[in-house]
Amino acid sequence: MDNTYSKTADALMDTDKSVILEAKHIYKTFPGTVANDDVSLELRKGEVLALLGENGAGKSTLMNVIYGLYTQDKGEIFLNGEPYAIDNPHDAINAGIGMVHQHFMLVPVFSVLENMMLGAETTKGPFLNKKAAEAKLRDLSESFGLEIDPHAIIEELPVGLQQRVEILKALYRDVEILILDEPTAVLTPQETEELFKIMRRLTERGVSIVFITHKLKEVLAVADRIIIMRRGKVVGTTTPAETDEHGLASMMVGREVILEVEKAPAQVGKVVLEIEHLNIHDNNQMHSVRDISLSVRAGEVLGIAGVQGNGQSEFVEAITGLRRYNSGEIRIDGKRMPQEKPRTLVEHGMAHIPEDRQKHGLVLQYPLTSNFVLCTYYREPFSRHGILNENEILRNAEELMERFDVRAPSPVTVAGDLSGGNQQKVIVGRELSREVSLVIANQPTRGLDVGSIEYIHKTLIEMRDAGVGVLLVSSELDEIMSISDRIAVIYRGEILAVLDAAEASREEIGLLMAGHISE
Amino acid sequence: MISKTVDKKRELSINWKLLRQVILGLVIVAAILFFNARSPEKTSAVLSSTLRYAVPLILGALCGIFCERAGIVNIGIEGQMLFSAFLSYMTNVWTGNLLLSLLVGMLTGAVLGLFLAFLSIKLKLNQTIGGTVINILATGITGYFYQTGLTTQGKLWNIPLGPLAKIPLIGPVLFNNPPITYIAILLVIFSQVLLFHTRWGLRTRAVGEHPRAADTLGVDVFKIRYWNVIIGGVMAGLAGSFLTLEGVGMFERGMTNGRGFIALAVMIFGKWNPISSALAALFFGFANAMQIQLQFMGIQIPHQFVGMIPYLLTIIVVSGFVGRSRAPAAEGIPYEKE
Ligand SMILES: Nc1ncnc2c1ncn2[C@@H]1O[C@H](COP(=O)(O)OP(=O)(O)O)[C@@H](O)[C@H]1O
Ligand SMILES: [Mg+2]
Chain U
4 MDNTYSKTAD
14 ALMDTDKSVI
24 LEAKHIYKTF
34 PGTVANDDVS
44 LELRKGEVLA
54 LLGENGAGKS
64 TLMNVIYGLY
74 TQDKGEIFLN
84 GEPYAIDNPH
94 DAINAGIGMV
104 HQHFMLVPVF
114 SVLENMMLGA
124 ETTKGPFLNK
134 KAAEAKLRDL
144 SESFGLEIDP
154 HAIIEELPVG
164 LQQRVEILKA
174 LYRDVEILIL
184 DEPTAVLTPQ
194 ETEELFKIMR
204 RLTERGVSIV
214 FITHKLKEVL
224 AVADRIIIMR
234 RGKVVGTTTP
244 AETDEHGLAS
254 MMVGREVILE
264 VEKAPAQVGK
274 VVLEIEHLNI
284 HDNNQMHSVR
294 DISLSVRAGE
304 VLGIAGVQGN
314 GQSEFVEAIT
324 GLRRYNSGEI
334 RIDGKRMPQE
344 KPRTLVEHGM
354 AHIPEDRQKH
364 GLVLQYPLTS
374 NFVLCTYYRE
384 PFSRHGILNE
394 NEILRNAEEL
404 MERFDVRAPS
414 PVTVAGDLSG
424 GNQQKVIVGR
434 ELSREVSLVI
444 ANQPTRGLDV
454 GSIEYIHKTL
464 IEMRDAGVGV
474 LLVSSELDEI
484 MSISDRIAVI
494 YRGEILAVLD
504 AAEASREEIG
514 LLMAGHISE
Chain B
73 MISKTVDKKR
83 ELSINWKLLR
93 QVILGLVIVA
103 AILFFNARSP
113 EKTSAVLSST
123 LRYAVPLILG
133 ALCGIFCERA
143 GIVNIGIEGQ
153 MLFSAFLSYM
163 TNVWTGNLLL
173 SLLVGMLTGA
183 VLGLFLAFLS
193 IKLKLNQTIG
203 GTVINILATG
213 ITGYFYQTGL
223 TTQGKLWNIP
233 LGPLAKIPLI
243 GPVLFNNPPI
253 TYIAILLVIF
263 SQVLLFHTRW
273 GLRTRAVGEH
283 PRAADTLGVD
293 VFKIRYWNVI
303 IGGVMAGLAG
313 SFLTLEGVGM
323 FERGMTNGRG
333 FIALAVMIFG
343 KWNPISSALA
353 ALFFGFANAM
363 QIQLQFMGIQ
373 IPHQFVGMIP
383 YLLTIIVVSG
393 FVGRSRAPAA
403 EGIPYEKE
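Taken in sequence, the protein lines are chains U and B. My numbering numbers the first residue of the first sequence as 4 and each following residue consecutively. My numbering numbers the first residue of the second sequence as 73 and each following residue consecutively.
With the rest of the complex left out, here is chain B (with noise of 0.2 Å):
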């Protein structure tokens, strides 16, 4: 009888979830469609835009969720973008070659998601402390090295997918892209099945809740929690690749501006979920292409009000539309076994 309550109590819930959202989709195609019919270039452009903000975005969301999944809070990934965007701008200076780039850009990703892992593993250092030593570590060291004044031999370029790339509309802007973007939208859906679909999903999730009832079915926590702390990192690595082999092309000092962080908002506004965080982090790409054709439509407006469009919708977002989310409850505190 227990159990059937709970059953009724689900089905509706779900329904209720499904109802809003495909309003919500609708709403927003609609939307996007009647602008197109107005002005095609400037819609096109938007939408365009809104991809390239949302790309570094994305990954750096399914960093923090491999991490936070697993239980360890990585606050690094700001740093490990940065580090990586400038070692794979390095790359590209020095080589000339994008692939080896793009590899550097993943393999420091993933050397500093080993560091931290170990701090926080191994050490049971407290995990926002080693975040915010890779954090300073790269700001440092990256500010140190960079020297202006080099050149690469180019940026990566964009690979129309056949036909694809001709359906008006959605064909420019989803089907024209560098390849980052492409890997950034694969490994949405990859982490998505890889999460709720596979073995490794469900170890993972389980060391992010209670890493004690796993150790007792025999799942090894420390090497589940090192694997996903890795992953995460070459999810942040690419991002920074992103940064300056496909998106700006160059290196600055900082030039992350906080990306590593927005991607934490972006993975809580996804409810620790890749299919909801890409879309809130297109949600922040929208936010921000408006703000940018706000200013191009040179409203009386002063533009730091404009710009901090993103920002006050993101809160309103956060504190009206979604319901309370909740983080893996073993997030942040080191296992130990006896």
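Here chain U stands alone, though its shape is the one from the complex (with noise of 0.2 Å):
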């Protein structure tokens, strides 16, 4: 098929590693889009293969369509050698196929231990025998080192033991197989390497795994062998070993990436945001955020670093309008800003690319039309007397879905079967498109590919070039050290220090993330 493709295979034949799962020539198509176009792959015992590509280059699918949530439209699964018809995930499970998915299928409502059993469900006569299963529980909570609360309620739990929720949920089924979706997209540094622990470990015990990602350097760290897809194709399979993150990056977006964001030096101009004393208390009277000070000029990018969970949320909610501050003064071009009222706030040219795209940035249910003029529906020229202009909104949809480059089927596609980046550049185009003084992004690039960071990254700079005032929140240090000209830490709620990006190294804001002040 390609030449990575048969000189790897080759390469790889005369290992011991039975071949436990293949799929071969997998089809799959959904209304206007081939999700899967002759997609083969074979997973090896006790392997970690690595399933790496952009937003909607069908890795999911590919997945759903082994897991029994999907069927395939052409092409057939062999397990262990012999031809085996997936028609639901019931059929995958009792195949001894586990799936961790992108968006976690638990019930925010059970406890650990009721999600465990859902499905499985150990019973002495009519009755659930919650017992036996907390004690299987223990047990494979033990001896693979995955530390739970059986009784902890799901909704309160960190995302982190989320996840730890759905790989003990997969054990409890008696994987063989153990597909794990973007599992690192939801989680801090510190938590992937964690994982990547739990995943060694099962790989020890015999579990082969398919690990889907789009974040080169874990792919090289924990991979054993490598698939890239782009566009519903395999289009490479390679190890560590062979390539580096240039090759994968490469083979992933299907031309040369780079990786490095080109930017000249700031040109600054006056203040357009000025944040003084800033306090929020939460429910329990703690400080989310406290008494923070900061200031955003015209042309420079302010990156705020911070672990997730140290009053980001808060603090971006309460400057875009979207939560109530307890004390303290927001200015956007001198001018006091009232407290609570996004629409004064977007009239005063404030954009705002929210953390949460799916609840925040877009209305689902709505077709793209409608997502790109959330802000400016009320006025001309989409809105005369009241009375929405639909040819001009439609009109707007397809100018900006050329513009910002939103891959969709057609501009009255509702917004949530669109991919990842694609929702994410929808929000970015309906924002930027707009007069704007001031850009408050939020993780704006969580949980995207290499193609949709690279485009969200220039936009971003495009912007401070323009002379517009950008404010970055984001807990990858990466992407804050590329991007900004000044660098403030946030921990607990405070900002602990603003550097010059040009002078502040890693090893400093590292040490600042965690709470340390240097002398």
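In silico BS3-like cross-links for lysine-lysine, where the CA-CA straight-line distance does not exceed 25 Å: (1) U:Lys338 to U:Lys273; (2) U:Lys236 to U:Lys27; (3) B:Lys295 to U:Lys127; (4) U:Lys27 to B:Lys409; (5) B:Lys114 to B:Lys238; (6) U:Lys218 to U:Lys461; (7) U:Lys133 to B:Lys89; (8) B:Lys409 to U:Lys362; (9) B:Lys343 to U:Lys133; (10) U:Lys77 to B:Lys409.
Over the 10 Å line for every Cβ pair with chain U, so calculated as not near, a few chain B residues: (11) Val101; (12) Ala117; (13) Thr200; (14) Leu246; (15) Met380.
Hints were generated in silico from the structure; no laboratory data involved. This structure is a prediction, so every number in the text was calculated from the model and none was measured. Every residue, glycine too, gets a C-beta built ideally from N, C-alpha and C.
Fit the two chains together into the complex; they arrive one by one in their own frames, and the hints show the way.
Have a look at this one:
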């Protein structure tokens, strides 16, 4: 099929690891998209097979076919060399296949134990045998070093632990094959390290793992073999020994990728955003934001670095008018802004790229046309005397899709049907096509692929160069360091320091992120 | 560390809840004993009337619980009750066989449940509209076919449970009842156990909260939904039969008189939990009994105001006492595979 493919396949033939799962010539189409186009892959016993690809490459679709959630249009699946028809998840579970989905499949109001038992209930007579299930869970926890409180309620657990529950759920069903769909998207660097250790422990016990990701470093760190997908096709197979980040990136995107962001020195202008002594208390009267004072000037990117959960979300919500703050003052272009009035902020030139694009960025059930005018629908030319001008709204959507490279079947596709990268481009398109003087971007590239990340970064830099002030909040230190002109470090709701990006070192910021203030 | 703090929080909240419930329970028991000492017949009458009024609400609420716990909104309970009441009654008129009449009532509820399930699961019709269709059909059809002047051979009679019925105060109230009342009490316990201690219940709740998660674990979402709506229908059918076979002994046009909707309020009040809902239904029944007592006493307030008491109490209790209650998350949303 491809040069790389045959070469590495030969090289690996003589390893003694047997093939446990094989998918051959899988086709799967959705209305308007070919998600999998003649995809084949084989998984060997006890290996970590990384499946790398851009957003929308078809990775999740392929795995959902193997897991029985989707039925392929064509193609076959073999298990230990025998053809195996998988029509529903039940068949997959019986075949020893487990999957941790990109969006967790946990019942939020259930306890860990109830989630564990669901679908694989142990019973005593007609009743659930919770004791036996708990014993089994404790055994598993202990033997794999995955500590968890069986009675904790899922929605009260942080995402890292929720993922642990998902992994335990698969182990509870005695999996031999474990599919992890973008497991690191929600994890901090430390949690990611922890996950890799767990993965190694699993493979030592003979579990075979399919690890889906778009993060190049991770692939190189943990994979035994790597399969790269692009636009529904397998475009290469390789191993970490044979390639590096650049090689992977270009195979994945189909062209050379610049991993570093190029930018000219900042041309700083007047102050656009001023925050003075901002304080936010949470429900328990604890400070979630403590006395933050910051200013963002036109033509610069101020990055806020910090480990997730140190008050960033509350801070951004307060300055974008989505949350009440207890004291402090926020000014845009010198004008004092009222509390909780997002429209006023928008009209004063603020653009907001929210942290949770599905909850706060888009109306998922609405078509793109409507999503593109969420902040402007009430103004000319989209609305005249209170009546929407559908033609203008459609034209606007077509124009923005073109300009911001949104890939969707049509402008009236609902936003929920788009891939994460395309959803983010819709938000960016809507926010940055207005007249803005200030951009607040919170985790703008979380969960996105190289292509989309590159695009978003480039767009933010363009805005800065056009004289817009940019406030970037991110828990990815690499992102902060490559984009920002100045870097503020947030720790437990406080800004510990504001550094000049050109002079700051990784180590210094890393220490501040952990709360260590240098002399 | 994180899981420990979560643990502690839950322990605290349980203790607090338990304490509140124990105190409330003691207050109620003390009040009943106090009134019983002063006027035993009246107390016993109030308690019996409370239970009689509560039974159809309990059964209706159970119907709602089964449907909504599985993710299907059922506002057609009123119609299911009315239709079952009518067919139960007609069977009684034609055959005089009470057992057969009861079975016909249950079957009617089940068939209407199946109809609602089909509309909302297979056709993915808006569930509120589906329920409304049932209500309108029931009012229309029973109203059209009902004729006055029919007579029956009788209604379901009390079955005293031996020596239990002789216990002072609670004996006659709890252990000397007609069959559907006993069935309703047993069904509350049965439903509670089914929902929270069996495989079926676990799957039902999962399907009502996060059907896709259940699906990924090999649970047949559609099957669970169909059966729960049908089981719920049987409960609503029993409620209807209660009205014609046990309560009134007759059929009248529109005789359910909003009970199907009050049952929904009871279900919400009871936080989608069978035992709590039964208690909520008893509370409604008690408010109603008090209202009747006050009217008997000939108090000098217009009776319309007295008649409002149960509803006022409901509003006060729902807005004040009960904390925020949360409906099953996937309620009302048709499940689509792929
Ligand atoms: N349920 C679905 N309905 C319609 N299109 C879908 C569905 N799931 C995925 N797609 C489309 O299939 C393509 C592949 O998606 P996916 O497998 O999720 O990619 P990846 O996981 O690699 O990001 C995308 O274009 C996506 O929009
Ligand atoms: Mg995916």
